[in-house]
Structures are given as C-alpha cells and as structure tokens.
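Chemist: Chains as they are written, first to last, in the numbering used here: chain A, 314 to 806; chain B, 314 to 806.
Check each hint, because a few of them may be wrong.
For identical chains, the list gives no copy identity; a pair is met inside one copy or between any two copies.
[As the list claims (entries may be wrong)] Distance condition first, Cα-Cα at most 20 Å in a straight line; then the derived EDC-like pairs of lysine to aspartate or glutamate:
| id | residue 1 | residue 2 |
| --- | --- | --- |
| 1 | K349 | D539 |
| 2 | K350 | D532 |
| 3 | K350 | E534 |
| 4 | K587 | E562 |
| 5 | K479 | D791 |
| 6 | K349 | E527 |
| 7 | K410 | E455 |
| 8 | K587 | E534 |
| 9 | K694 | D561 |
Hint data in this document are derived by calculation from the structure and do not stem from the laboratory.
2 protein chains.
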Amino acid sequence: MSATAYDNLKQLGRELQLVGDTQALLSWDQEVLLPKKGIQYRAEQMSWFSGWQHDRFTAPEVGEWIAEAGDSIESQEEKANLREWKHQYEQETRLPKRLVQEFAETRVHAQSAWTEARQKSDFSLFAEPLTKLIELCHEQAECWGYEEHLYDALIDKFERGASTNKLTSTLGALREQLIPIVEEATNQPKFDRSRLSGPFPVEAQQALNQEVAEAIGFDFEAGRIDTAVHPFCSGMAPFDTRLTTRYDENDFCSSLFGVLHEAGHGLYEQGLPKEWRGQPIGNSVSLGIHESQSRLWENHVGRSLAFWEQWMPRAIHHFPQLMGLSAEDMFAAVNEATLSYIRVESDEVTYDLHILLRFELERAIFSGELAVKDIPGEWNKRFESYFGFPVENDSQGCLQDIHWSMGIFGYFPTYSLGNINAAHLMKTALEDDSAIETGLEKGDYSPLLNWMRQNIHEKGSIYLPDDLIVKATGKPADASALVEHLQRRYIRS
Amino acid sequence: MSATAYDNLKQLGRELQLVGDTQALLSWDQEVLLPKKGIQYRAEQMSWFSGWQHDRFTAPEVGEWIAEAGDSIESQEEKANLREWKHQYEQETRLPKRLVQEFAETRVHAQSAWTEARQKSDFSLFAEPLTKLIELCHEQAECWGYEEHLYDALIDKFERGASTNKLTSTLGALREQLIPIVEEATNQPKFDRSRLSGPFPVEAQQALNQEVAEAIGFDFEAGRIDTAVHPFCSGMAPFDTRLTTRYDENDFCSSLFGVLHEAGHGLYEQGLPKEWRGQPIGNSVSLGIHESQSRLWENHVGRSLAFWEQWMPRAIHHFPQLMGLSAEDMFAAVNEATLSYIRVESDEVTYDLHILLRFELERAIFSGELAVKDIPGEWNKRFESYFGFPVENDSQGCLQDIHWSMGIFGYFPTYSLGNINAAHLMKTALEDDSAIETGLEKGDYSPLLNWMRQNIHEKGSIYLPDDLIVKATGKPADASALVEHLQRRYIRS
Numbered sequence: 314m315s316a317t318a319y320d321n322l323k324q325l326g327r328e329l330q331l332v333g334d335t336q337a338l339l340s341w342d343q344e345v346l347l348p349k350k351g352i353q354y355r356a357e358q359m360s361w362f363s364g365w366q367h368d369r370f371t372a373p374e375v376g377e378w379i380a381e382a383g384d385s386i387e388s389q390e391e392k393a394n395l396r397e398w399k400h401q402y403e404q405e406t407r408l409p410k411r412l413v414q415e416f417a418e419t420r421v422h423a424q425s426a427w428t429e430a431r432q433k434s435d436f437s438l439f440a441e442p443l444t445k446l447i448e449l450c451h452e453q454a455e456c457w458g459y460e461e462h463l464y465d466a467l468i469d470k471f472e473r474g475a476s477t478n479k480l481t482s483t484l485g486a487l488r489e490q491l492i493p494i495v496e497e498a499t500n501q502p503k504f505d506r507s508r509l510s511g512p513f514p515v516e517a518q519q520a521l522n523q524e525v526a527e528a529i530g531f532d533f534e535a536g537r538i539d540t541a542v543h544p545f546c547s548g549m550a551p552f553d554t555r556l557t558t559r560y561d562e563n564d565f566c567s568s569l570f571g572v573l574h575e576a577g578h579g580l581y582e583q584g585l586p587k588e589w590r591g592q593p594i595g596n597s598v599s600l601g602i603h604e605s606q607s608r609l610w611e612n613h614v615g616r617s618l619a620f621w622e623q624w625m626p627r628a629i630h631h632f633p634q635l636m637g638l639s640a641e642d643m644f645a646a647v648n649e650a651t652l653s654y655i656r657v658e659s660d661e662v663t664y665d666l667h668i669l670l671r672f673e674l675e676r677a678i679f680s681g682e683l684a685v686k687d688i689p690g691e692w693n694k695r696f697e698s699y700f701g702f703p704v705e706n707d708s709q710g711c712l713q714d715i716h717w718s719m720g721i722f723g724y725f726p727t728y729s730l731g732n733i734n735a736a737h738l739m740k741t742a743l744e745d746d747s748a749i750e751t752g753l754e755k756g757d758y759s760p761l762l763n764w765m766r767q768n769i770h771e772k773g774s775i776y777l778p779d780d781l782i783v784k785a786t787g788k789p790a791d792a793s794a795l796v797e798h799l800q801r802r803y804i805r806s
Numbered sequence: 314m315s316a317t318a319y320d321n322l323k324q325l326g327r328e329l330q331l332v333g334d335t336q337a338l339l340s341w342d343q344e345v346l347l348p349k350k351g352i353q354y355r356a357e358q359m360s361w362f363s364g365w366q367h368d369r370f371t372a373p374e375v376g377e378w379i380a381e382a383g384d385s386i387e388s389q390e391e392k393a394n395l396r397e398w399k400h401q402y403e404q405e406t407r408l409p410k411r412l413v414q415e416f417a418e419t420r421v422h423a424q425s426a427w428t429e430a431r432q433k434s435d436f437s438l439f440a441e442p443l444t445k446l447i448e449l450c451h452e453q454a455e456c457w458g459y460e461e462h463l464y465d466a467l468i469d470k471f472e473r474g475a476s477t478n479k480l481t482s483t484l485g486a487l488r489e490q491l492i493p494i495v496e497e498a499t500n501q502p503k504f505d506r507s508r509l510s511g512p513f514p515v516e517a518q519q520a521l522n523q524e525v526a527e528a529i530g531f532d533f534e535a536g537r538i539d540t541a542v543h544p545f546c547s548g549m550a551p552f553d554t555r556l557t558t559r560y561d562e563n564d565f566c567s568s569l570f571g572v573l574h575e576a577g578h579g580l581y582e583q584g585l586p587k588e589w590r591g592q593p594i595g596n597s598v599s600l601g602i603h604e605s606q607s608r609l610w611e612n613h614v615g616r617s618l619a620f621w622e623q624w625m626p627r628a629i630h631h632f633p634q635l636m637g638l639s640a641e642d643m644f645a646a647v648n649e650a651t652l653s654y655i656r657v658e659s660d661e662v663t664y665d666l667h668i669l670l671r672f673e674l675e676r677a678i679f680s681g682e683l684a685v686k687d688i689p690g691e692w693n694k695r696f697e698s699y700f701g702f703p704v705e706n707d708s709q710g711c712l713q714d715i716h717w718s719m720g721i722f723g724y725f726p727t728y729s730l731g732n733i734n735a736a737h738l739m740k741t742a743l744e745d746d747s748a749i750e751t752g753l754e755k756g757d758y759s760p761l762l763n764w765m766r767q768n769i770h771e772k773g774s775i776y777l778p779d780d781l782i783v784k785a786t787g788k789p790a791d792a793s794a795l796v797e798h799l800q801r802r803y804i805r806s
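Okay, chain A solo, but in the shape it has when bound (with noise of 0.2 Å):
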C-alpha cells in the first residue's frame, strides 16, 4: 500500500516534469522567438498549463498519498523526495488557481511591456504590469506564510534556508570587506583599450566560444547556444540545455564571458542525474548553487592568466587584430575594477555592489516603504551614494534586469550567494585534488568538472543547499574565500 503510494508519486512528478519541461520551452521561445503579436497567446497558454499543473499536484489523492508514503521507504533517496514532495504540496494548496493563473499571465504581459519599457527607457510603461505583479506577489507570501518578513516567503522558493535577516547580515558583512578592495582595485592604472578595438565579426565569435564551452565540457549534442537580449540558460529536458548569449561587435569578451557563465549553469544541468528526471531529487537545489556553478567557469576559471594561457593562440586566430597581445595583457583586460551602470557587465569587484542595491530595495518593495513609482528615484539615490555617480536614464538604472518583469523578486541576493559559494567550493577543490590546478595549467578542465560533478551535480536536490556545501567542503560557506580571491586577483600594485 506505501509502496503503492510512493510509486504514485514518483508516476505524478514524471508527468508533471514532461509538461513542466514543455512549459520550459514556451518560457524559452518566449524570450528567443516568439513573433512579436504571438504573446497573448502565449500568455493564454502558459496561464492554462500552470493551472493544469496546480490542479494536477493539489489533488486530495496527491495528499493521501504522500501522507502514505511515510510508512515504508527506507533509501535516502527516498526520504529526500518526500521532504521536498511535502513542502512542494503544502505550499501549492496554501495558492488559489485563480493566483496562478493570473500570476502566469501577467509575467507574460509584464515582459513584452518592459522589453518596451527599456528601449524607450520609459518607466512609466512598465509600472502598470510590475504593480500587478507586485501585488500578486504580495498575495502568494500571504498565502504560503512567514515567521519574520513577507520577503522571506519569496527568497524561499529560490533559496530554501535562506531569509531576509540572514541576508541582511551575509550580504552587509561581504560589503564592509569589498569597499576597501573596490576602492583599491578601481583605482588602479588601466588597460589601454585601443588594443582590443574591434571589429570582432559575430560568427568568429560564436566559433571561439563553442570551442572554449566544449572544452570546459559541455556537450552540444545535448544543448545549444541560441542569441537573446536577456543571456539565460534553461535546462529543459534531461539531454536538451539551451544557453543564450547577446553579441557586441566590439567586444568579444562580452560574449565569452556570457557564454562561459551559462556554460557553467549549462554544465550543472548536463550533469544532474537523468534517472532522477521528474523526482525532486533530480533537479537543482538552488539558486545560489547554481550561480555558484556559473561564476566559478565564468570568473574563478575564465579570468584566470592560467586560461588565458591556454586561449590566447584561439583567440588569436579568430581575431587576427589580438596579435601581439600577450596572455598577461588579456588578463589585465579582462580584470579591470570600474564602477558601471549595468551589473551583467559588472567586474568581480563591484558585482556584488548591484545586487545589494537590488535586495535592498525589494526589501523596501515588500515591506511596504517603496512604492512602484518610487523606484526609479529610490534606484537612482542609491546608486549614487554606492557607485559616486548619477544614472542618465532608466534603462541604465531600475530597466536593465529582467527579473522583475517575469515576477521574481527574492532572485537577486542569491546571485552573491553564488559568488561566496564559487570562491568556496573553489578553494576547497583545488586543495583536495592537485590534478585540478595542473589541469587548469594545460586547458584540461575535466578534473575540476569532475570534482563539481561529484560533489555538486550528482546529488541534485538530496541535500539541502547548506548541508550541500558542509557535505562537499566540511564547512559552511562564508564570505572569505571569495575576499582573498578577489584581493589576490585584484590588488597587484
């Protein structure tokens, strides 16, 4: 009879994954495809599918059955789905369909409004949607419930163990230690661009980065690179992972960076266990493990001089004009410290700088002290006072992510969750095994990868993200590897 109740579970997430997955597609055509007059549609149908879903997981039986299911599984494995099958279900009946479908629409609408929005940088465009959508934020957290802060029933669906005053504290700390090393680092002499002055044609660029993501590992025979606006990654089906990438003629290194990012999100996705597809287990833990994943091929591996090393001859060869730019030149080039509007273009110094003028004012949003026509003047004060100078226009300030406009607010902060947990899984895989740094030396990433496979990917979902990191490093994540690292890294006078 348990038995019996488990395997129903285990039958229900399959085919919750298969359509989820398919929904995963629409989301992704969505933001690489779709015409232009095809998004009501689209609203309509994923609007019907997230409500096909809730229906599906909030039946009575789902309930019974994972009230059975208690009595008789035994493996880790199991036990570890059922933890994450009860909270999935207890919080998708604390939401009326009504939210859901409503909440599935608007993101819809809200991200074709602020596509418009941040090319005209007008805010007042898009303050209707994001309204909306606050407001229908506001309502899930009522829903689902809170011990401290509204805000936390939002970080929770992203980053489980995770919370406003935990934030507040991780994410103040980091900043008190990054003002010495940003103030250093921004100040000193910089590399003369015109070294690196373009034209960097798009199809050489997109040949050197499929050879530098294939040699980090990703395989392409289970994924693909696509262009985007918005560079996201989206594991979509057990062998189909779709990164996207956006093309500056002038800077090579914008698409590179990009794509050694998702490749890292990429490579997490490739690597989690297909035989768990459909079983919570099978999926990722979290955002700030994901990231973590993310920033260490983007920053920890390809901003390395050791990378550099090993790539200088490729880029070489795309790029004819690179000639006679050593490996050291490139990596001062692309370690450069600036204050800077956009945080997708931010160094390792100052990123952190954009996401805690983020998470603060979602904090303010959700405590009720920031009203939505506020943002933009509240935006634009902030940035002032961290970075020392004033933001020209909207779409440079409060437009440039598109996070809000898909309804994700409690995202932000663990995008320096990720940095932290990056520096930290870094440092602890180069002092377990010494065949990583030597692999580093001659572009052989496979004993890194391996290490992350091991100790990351394969175990899904089982753990909780802090126990994940305790599991796979013997202590919990703290700021300071990423501190030396960027001190090692950044200051060189």
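Chain A is already provided as a structure; the job is to place chain B on it using the hints.
Modeler: Then chain B, alone, in the frame of chain A:
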C-alpha cells in the same frame, strides 16, 4: 441545456487547441532546433500529450455534449462545428489510447532514424521504424474503418471526400494529359546556367526572401522564417506562423521559391479567422486546399514573367553578378522542365509524376502488395519507367521525403490536388477581378491576396473541400486549368 452543451464543446475545443498548439511547438522545435540526444525525451513528451488529448476528447461527457448540442444550434458556423466535432469524436473514440501514444512516440524515433538513413543513403537503417509505422497506420485504418480500400481511411485524415479510387482516376487522367507536355517541355532549349552562377551569400538570400515574403503579405510580426533540412510551415498559434527553408549558396532560387511556397501556406494560416481558433471551423480545411495556396504563390505568381519584371532589380541589388540578366532570362531559367530525382526541386511540369510514383507505392503498401524491404527496388523500377533513367542511391530515391518517417501516408496525393486547385482558383480569380492581373503586373499582390482571403482563408473549415471550391469558383476543380496553364507556360516553341 443544449446551449450549455455547445458552450462546453467550445471551451473544451479551446483547451485542446492551446495544448495542441504547444505540441506543434514541440514538433517544430524537434525539426529545427532539438539537440541530437534530446530525441528520446521529446518522444516521451509527444506520447504523453497525445494520450492526454485522447483521454480528454474521448471522455463520455463529450459524446453526450455532441448528442445534446444539435437541438438548439442554428447558425451555419455552429452546424459546421458540430459536423466536425462529431466526425472527430467518432474517429478518435475508435482508437485505443495505447495506439495513439505508440504512434506519437514511434514517429519521433522514426524521423530521427530517417535523418540518419538519408544522410548515409542506407535504407536498412530506416526499414524497422518504417515497418512499425506502417503497421500502426494499418491498425489505425482498421479502427477507423473504410468501404473499399484500407488506404481510404488514411487519405481521409488529410482530405475529406477523397478516396483511393477517385484519386486514381484524377491522377491517372492528369498523367495522360501531362505526358505530351512533359515530352515537349523537356526538349526545349536549355538556359545557360553559367549566367546564373553563385556564390549567393546566405544573408543576401535571406534579405531578398524577406522582402518578397513581405510584399506578398506575410506578416513578420506574426511569423518568422528559420532554417531546416525539411522546408515546412507551421501555423502554431493565431499570430505565430513559422516557415522554414534551406539555403544553397550556388542557387538562390532554391530558397526563394521555397519561401514563396511556404509563405503561401503561411498566408492561409495567417488569414484564418482568429476568433474561431479552437473551434473546428477555425482550422484550414484540407491539405489539397492548403497546397493550392502554396503552389499559387510559388508558381502562378513567383514563376511568372510579371514577377521577374518587378523583382529583377532587387535580385540584382542583392546579387550583383546577375547584372546583365533580363526578366525574360530569369523567367526562362526558372521555368525549365527537367526530369530529375528530387520532388521538391522539380519543375511544375514533371512534379506530378513524382506524386504519382508515391501514390502508387502507398497504394501498394496498404493493399499488402508491397513489403517494406521491397520499397527501394519498386521505387527504382517505377522511377526508371516514368523518368527514363535509373536511381543511383536511395537518398535521391525512396529516402528523399520526410513524410513516411512521420507516419504520414495518404498525404502525397494532396500535392497534386493542390496543383489542380491552384490553377483552378487562379483562373477564376483572374476572371473575377481585373484588378488582380493589373496588381500582379505592378507588384501589388493585395488584390490577389484579398480574393483568397475572402474566398478561401476566411472560410476556415465551414465547408468541406469540394464544397469550398464550388462556392469559390462556381464549379468543381478539374485538371483543365492546370493543363492550360502548363501548356501556356512551357510550350514556347
């Protein structure tokens, strides 16, 4: 009560359409983008969705709604919807769910096997999945039932009102009339191909194709063109119609006429009444009508002298090496009749011989006269007898078309119906409205498009195909207009 039953059907129809259009995206994606290793999971997705659709539509309550709805409905639209729901319900309830799912899953794998078999020109790689698909189609046909030939049940899926006997007679008569034209046309003096030599860069081809597709009325805010090995058109949402084509750097006409053809399909899809989406009458009515639209724009418009008088300057703009060629030269070049291997590259005169070959083979397969293992031999024997020279490998023979790998049998003959319908519609349209010819001469395609919109596109599936043709033209279609057209265009001596 009855009104409610009809409303229930409408509501269900909308849901099935939303999901069906999602399956269309899964299928489009499989042909255009899906990474190689993603095929197994995609097959599982397609199978699951087919099973879900089957369950949802064959529920007993749906039969009750259909029985009840007839009492109160009055309008022509409602009656046509009910006619189609009845037909679809009868057909679908006759199939066991197991068969529906097995068919959906098998065709995904078969398509993948066919791709490899065609690349390697090795029929043996395709024989097993093809055998399986033919068995499943046999089983479907037995479930659906038929009066004379089992093959009739398969044809009915694509062309209501057609049958083996009717098609044998129509295509046989067409062949008799074509033979003397083929003989004379293929013996005309040949155009000097060296005057049309490449390279024609892909970007320039894309630019010209886009201009042409826009000029005939294809709306790129509600559609797009992508690259795929197999050119096709998918109307996957009311404002999302996607064409595919492939590029040959030595021959820009290959992609140009491919796009004109697919855009013809696309105009039909974009012209279907949006407000009917999800009702049977909102669908295109048959493949023989669909193909009339593609062949109309490809051949009657795109291969006309008037077209090249308009477009020669743009072609020269994109491909400067064409400077010195006149519209008459291009007209001659794109209207050469040649007996050749590949159906999709064949000219208007010899095209239907390719169809006849396939029709005869399918008839023999489903009457049990032809075993799968004997298909290549039989194909080659008949090809040589019709075309006068031997097939050298199966890639240019029985492996050239994708259709069988998708489990699509009974589809090919609708291509010839499309040719017949296109000529018949074009003749009537030109007689009906003198603005059409004037428009074509000055590159204004809207009078012709408007005629098709009013007489074909906007009718959706209100009428069955034969009735639609009579409504539009005053009489049934026969091959006379096609034969006249071919004589006029090809017999130039």
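Chemist: Would you list, in rising numerical order, the hints stated earlier that this structure does not obey?
Modeler: 4, 9
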